[in-house]
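Enquirer: So the chains spell out like this:
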Amino acid sequence: MTTDQVIFIILSVITLGTALLVVTLRNLFHAALALMATFLGVAGLYVMLDAGFLAAAQLLVYIGAISILLIFAIMMTRRLMSADEPAFNSQVWAALVTAVVGFLVVLWAILRLTGLGTEDLSILWRAPVDSKPIGLDVLPYIQNSVAAMGQAFVDPNGFVLPFEIASVLLLAGLVGAIIVAWPKAEDEES
Amino acid sequence: MIPLSWYLIVAALLFSIGLFGVMSRRNAVAILMSVELMLNAVNINLVAFWRYVWYDNVDGLVWAVFVLTVAAAEAAVGLALIISVYRSRDSVVADELDTLKN
Amino acid sequence: MSFDIVEFLKSLVSLNVAEYLKTVVGDQAWVNFVSDVIGVVIISTFCLLIVIFLIWLERKVIARMQDRIGPNRVGGRYGLLQTVADVIKLLIKEDITPAGADKLAYWLAPFLTVIAALLIWAVMPFAPGVIGVDLDIGVFYVLAISSASVVALLLAGWGSNNKYALLGAFRAVAQLVSYEVPMILSLLVPILLARSMSTVDIVEAQTVPFIFVVPLAAVIFMISALAETGRTPFDLLEAESEIVSGFHVEYGGMKFGMFFLAEFISTLFMSGFFTTMFLGGYRLFGLENLVIGDGWAIGRLLGLIIFFVKMFAVYFLFIWIRATWPRVRVDQILNFNWKFLVPLSLVLILAIAVLDKVIPADAGIYARSSILLLANLLIAMFAIEIMRTVARRKRKESSGDAAMTIDESEHNDVHDAHDSHHEVAAAH
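Protein chains in written order, with my numbering: chain A, 211 to 400; chain B, 176 to 277; chain C, 60 to 487.
Hints listed in this document are in silico derivations from the structure and should not be mistaken for laboratory results. All values derive from a computational prediction rather than experimental measurement. You may find that some hints are simply not true.
[Stated by the list, open to error] Restraint ranges, calculated between C-beta atoms of paired labels, are given here:
hint: 1; chain 1: A; residue 1: Phe282; chain 2: C; residue 2: Asp390; range: 17 to 25 angstroms
hint: 2; chain 1: B; residue 1: Val268; chain 2: A; residue 2: Gly227; range: 21 to 29 angstroms
hint: 3; chain 1: A; residue 1: Val385; chain 2: B; residue 2: Arg262; range: 15 to 23 angstroms
Even for Gly, the Cβ is constructed at its ideal location relative to N, Cα and C.
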């Protein structure tokens, strides 16, 4: 058990444990706090995958903005007697079975892909998938990933079109959210 | 040394937990939180594959950033809708929002 | 592997003791780990202990500016131990949890604020080579942690089970989240000029300190930093005369002390960050690279001293602003941000980016700096002209007021600061 594996297991336990709390807690505010902890765990996993920029972006966007939005929405949509509201609807057991079956299917696919099966899918992979490639040929790509990402965002042969569409999408989302959530003139909102 | 399959399994677990949350929670805001879990699982998958297999191509990271952006926009609009529905119907329980039925 | 006292003194002067100890003990994994841990302990202890000095400094400086003396009883003629007395008072207060409070949120909020305030110190370059960790996304890391720390305020407001605390928390979150935008946009300018997000690279790129190249970005960053740390004139988040002192009304004793601590630590960090981004950090005409005699790298120690002098000069500016300017109302704060600061910083980053591309690469550093400086001054004059026209128009509409001499008619109706009350009340 190297230190990396120990850290990975700790981060995964944090992520998955708090994710379970998110979907099971009845008190929505506590569920939102657990969601923030999940985001933190996922950011840690990004750091382990050498994607530091994405980890910081995760902190900034998810914990710094979306979580606050969620908490505001929870506060604004509380009902007076919400403490004894059941957390789950009527199809909770079917949902559990579906989720478990779905996970098992994906697990089988993963294990097949990473070697437990008989078919040779290695033609799809240009590197052994079971080990994180580290070495002098990989390092420049990892170290320059932020600069390369920046260039890809404005490269005409890269991602400039999705980048601009994403900004239009955010603008539309901004304007739409404000208009949709605007209190109507005839409602008196306390 | 952490095998790729570990990251994929964690992402799959996170995704199925989110899936369970979406299908079984009553409150609409809780459903939105579970959707965020699923999007995070997808992002972990993308970044893991970028790091292990296609590290020479920055597409994986760029795609992950786009997923992040779209998730943020979707959360904003979704929560605005939920607040608006709560104002007019005084309920955020997903089962009770059924005026389109029949 | 022998312990040579001269070499040790040299490493002490050049702030490189860890490297020297590695040569003595051997370069193993646990040596790196232990030196990292010691570095973390040193930075955290420094932050926590310097607050004692900072609080005393603030009270003394504000008192002198208000023609008073300030603390002068505890610890000799200058009241040096006043803060220690205050801390002891906070520690022995009863630890109350309000009835019906959400225990998890109520207890977690002060710790999260302090944790976030301490985490950002990891990327502050104190001297050449003396930095917690030289992240290649250093500035982005600072922005991410500051953004993530906003959530602790919501926890504090919610967990207090108090309508006024919740209201204060809402306003605080609105202000903090709004002022992140001009902060990020104004920080893009030094990142653009230095071609890197690493704080060390930005310091190294400042042969001409960026405040002389892009002063407008420095001003916008200063205003956003004032708003982000909750200092006057944006301190309605926590001022005692505002809605019963805002989101930490239900906090007493050491938990309140932690909010207080976090504010001072983050203010000091913003001063240090300002010197790193705009004043050249530890640089002073190459003095930080001075090596005299045979390997005595005294320049690093000099760089540390230079950095501290600059940092405390900016911190003095923060205190000065607090002592002299009145508080701004929350709607004025948000209006100012969205209608003035954000468009201004967008225009600035656009202009700087275009100019940076247009100026030929072999223009030399002084020509480049003067062109950018000129552009900054032009944009600033243009912005002031726009403000003047808007203010003149508003003045004509609400005619009947006496002739006003200040430009911004928006900032006419502000509260009085009651700073002396602020002072005394700041002791708890």
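Enquirer: Against this structure, judge whether each hint is valid.
Expert: Hints versus structure:
Distance hint check for phenylalanine 282 of chain A and aspartate 390 of chain C: the Cβ-Cβ separation is about 19 angstroms, which falls inside the suggested range of 17 to 25 angstroms. In this structure the supplied range 21 to 29 angstroms holds for valine 268 of chain B paired with glycine 227 of chain A, their Cβ-Cβ distance being about 27 angstroms. Taken as a hint, the range 15 to 23 angstroms holds for the pair valine 385 of chain A and arginine 262 of chain B, whose Cβ atoms sit roughly 19 angstroms apart.
In summary, this structure violates none of the numbered hints.
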